[in-house]
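*Asks:* Construct the entire structure; sequences and hints are all you get.
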Amino acid sequence: MSGVELAPAEIQVLQDLTILVFAPLLSGAIAKIESRLQGRRGPRVLQPYYDIAKLFRKETLVPEDSSFVFLAAPVVAFVCYLTVPLLIPVLTSFPLPLGYMGDILGGGFVLALAGFSVALAAAETGGPYAQLGSSRAMTFGALIEPSILFVTFTVALVTGTDLPYFEAAAVRSSLSQAVRPAHLLAAFAFFLVVLADTGRIPVETHVSTLEFGMIDEARTLEHSGPALALLKWGSTMKQMVLYVILINVFIAPWGLAGSRQLGPVLLAIPAFLAKALGVGTIFAVIDNAFSKLRLFKITEFMAAAFLLAALAVLVLYLGGG
Amino acid sequence: MESLLAAVTAPSAVTDAAETVAILVLLSEFAMLRSALSRSQVNLYAFQSLAVAALAFIVAAERHVNDLFVLGSLSLLLKVVIVPAILSRVLREAPDDVAGSHRLGVASMVMSAIVLSGFGIFVIGTMPIHSKLLPVLALAIAAAVILVAFLLVIVRSDVVSQAIGFFSLENGVSLAGYVLAAGLPLIAEVAFLFDLLVAVVVFGVLMRVHHGRSASLSTRALEKLRG
Numbered sequence: 001m002s003g004v005e006l007a008p009a010e011i012q013v014l015q016d017l018t019i020l021v022f023a024p025l026l027s028g029a030i031a032k033i034e035s036r037l038q039g040r041r042g043p044r045v046l047q048p049y050y051d052i053a054k055l056f057r058k059e060t061l062v063p064e065d066s067s068f069v070f071l072a073a074p075v076v077a078f079v080c081y082l083t084v085p086l087l088i089p090v091l092t093s094f095p096l097p098l099g100y101m102g103d104i105l106g107g108g109f110v111l112a113l114a115g116f117s118v119a120l121a122a123a124e125t126g127g128p129y130a131q132l133g134s135s136r137a138m139t140f141g142a143l144i145e146p147s148i149l150f151v152t153f154t155v156a157l158v159t160g161t162d163l164p165y166f167e168a169a170a171v172r173s174s175l176s177q178a179v180r181p182a183h184l185l186a187a188f189a190f191f192l193v194v195l196a197d198t199g200r201i202p203v204e205t206h207v208s209t210l211e212f213g214m215i216d217e218a219r220t221l222e223h224s225g226p227a228l229a230l231l232k233w234g235s236t237m238k239q240m241v242l243y244v245i246l247i248n249v250f251i252a253p254w255g256l257a258g259s260r261q262l263g264p265v266l267l268a269i270p271a272f273l274a275k276a277l278g279v280g281t282i283f284a285v286i287d288n289a290f291s292k293l294r295l296f297k298i299t300e301f302m303a304a305a306f307l308l309a310a311l312a313v314l315v316l317y318l319g320g321g
Numbered sequence: 001m002e003s004l005l006a007a008v009t010a011p012s013a014v015t016d017a018a019e020t021v022a023i024l025v026l027l028s029e030f031a032m033l034r035s036a037l038s039r040s041q042v043n044l045y046a047f048q049s050l051a052v053a054a055l056a057f058i059v060a061a062e063r064h065v066n067d068l069f070v071l072g073s074l075s076l077l078l079k080v081v082i083v084p085a086i087l088s089r090v091l092r093e094a095p096d097d098v099a100g101s102h103r104l105g106v107a108s109m110v111m112s113a114i115v116l117s118g119f120g121i122f123v124i125g126t127m128p129i130h131s132k133l134l135p136v137l138a139l140a141i142a143a144a145v146i147l148v149a150f151l152l153v154i155v156r157s158d159v160v161s162q163a164i165g166f167f168s169l170e171n172g173v174s175l176a177g178y179v180l181a182a183g184l185p186l187i188a189e190v191a192f193l194f195d196l197l198v199a200v201v202v203f204g205v206l207m208r209v210h211h212g213r214s215a216s217l218s219t220r221a222l223e224k225l226r227g
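Protein sequences appear in the order of chains U and C.
1 is the number of the first residue of the first sequence in this note's numbering; add one for each residue after it.
1 is the number of the first residue of the second sequence in this note's numbering; add one for each residue after it.
Derived from the structure by calculation, the hints contain no laboratory data.
Fair warning: there could be bad hints in the mix.
Said to hold, decoys possible - Covered stretches of chain C, as calculated for chain U (at least 3 residues, CB under 8 Å): (1) 16 to 28; (2) 101 to 110; (3) 120 to 126.
Fair warning: this is a prediction, and the values are worked out from it, not measured in the lab.
Ideal Cβ placement from N, Cα and C applies to all residues, glycine included.
*Replies:* In structure tokens, the structure reads:
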């Protein structure tokens, strides 16, 4: 079959566009599933787009004492979320040229830079809740970091590299790779990391308006207008990026384009969205089935994630797993 | 990329299954360590015993050791059904007053358990042991289970945790037994199970006596006996 063949650069642009365009849709769809599970009708699936469009039309208010950081942070974060998709297998199973630019840790650093800039802006506003959020986000971010490191170590031990493309290829290579204990442990640990990083129960109630339970959500309380729109859009993109890593690297790296033909590459988009909806449904079920942990109990959750990741490394140490 | 992947050798399916089950045994030990309620500890013990019995069946099927089938069924009956049933019966009379029997915070407890199991795994890793039946990993995990079971007995100050810690210690030992001596005569293995039954009776009596005297399952009540 001879079709239009895309240049690698075009696919890289398409990766970014996929995240940019479909991230709010994914959030809206998961919110819909969640409310259906609770017996509510819920907002429209397209609601996040309307929210973002509305916020872009509003004016921006800046707290009196804040500096340029306050306005720069949303843009920095947004750019960070656009950079990570270049490093991970969004659409193709083969590594694209920029995929060698950074490994899983590199992607993690870029995501951490985004989180840091938003936290910095929040700390700068002087608003008590925003500061509380930024302080908590940094604390729990530091606590979840060891789990991410150990998951990366597992990937490095399994593949000899820590590029996400190679881990995905290793999982695809045989069924026994996909069900080997070390991989299952690391994948589950990463699942818990995603749960914590996307602000889901049992760590955080992402739809709550109660400031005292907030972690990530509280950081954006002082922002308004286009800056808030960028932050909201950015947080949906962050969620989608984490889903891409979870699904296309660890859980189900199938259904990706194997060639640069236009058809398979475009087909990879709905395939990913379907997988992401599946994972999103699991997250929604967890959201409904568990209660939020008390703030000081969150360390227990982090300890569980670390346990799984550390066990994965220990198991690989003996040559098995 | 292919050359990179060629270097990655995945273990066989049976080994995988055995290792996964062994890891489940270790994870349930961790869960026992952290779970606050005695009742869930008993359930976790039943689950752990189920995993150990499954491992016995896997080894038996792989190596065609018929004795192990009998032993697996016996331990299934005893450790998954009878022991948890006896423990739940004893617990039914006691209120759930042991929710806070941790001597350490949960996170620090889990961290020390990770360090301990890491120690166990590394120590076994340095030994020149090669088993044809199960991967050495299962033996290493058995060592980790035993160490974490000791930790459970040490850091939880209630009678049920200490009994459960002891019983799960026995699970760790059977796990190690399947790796090292799967061909042990049935009569010797059954004798171990009988020992466990005796231990259950003794612990049951101890729990009842302790609960009768101090109206609590916490062992902190014993501290006032010090002169």
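*Asks:* Give a verdict on every hint.
*Replies:* Comparing the hints with the structure gives:
1. Proximity of the segment 16 to 28 of chain C to chain U, defined as three or more residues with a beta carbon under 8 Å from a beta carbon of that chain, is established by the 6 residues found.
2. Evaluation of the coverage hint for the segment 101 to 110 of chain C: fulfilled, as 4 residues show C-beta separations to chain U shorter than 8 Å, against a requirement of three.
3. Figure legend: the segment 120 to 126 of chain C, annotated as covered by chain U; annotation consistent (4 residues with Cβ-Cβ distances under 8 Å, at least 3 required).
Of the numbered hints stated above, none is contradicted by the structure.
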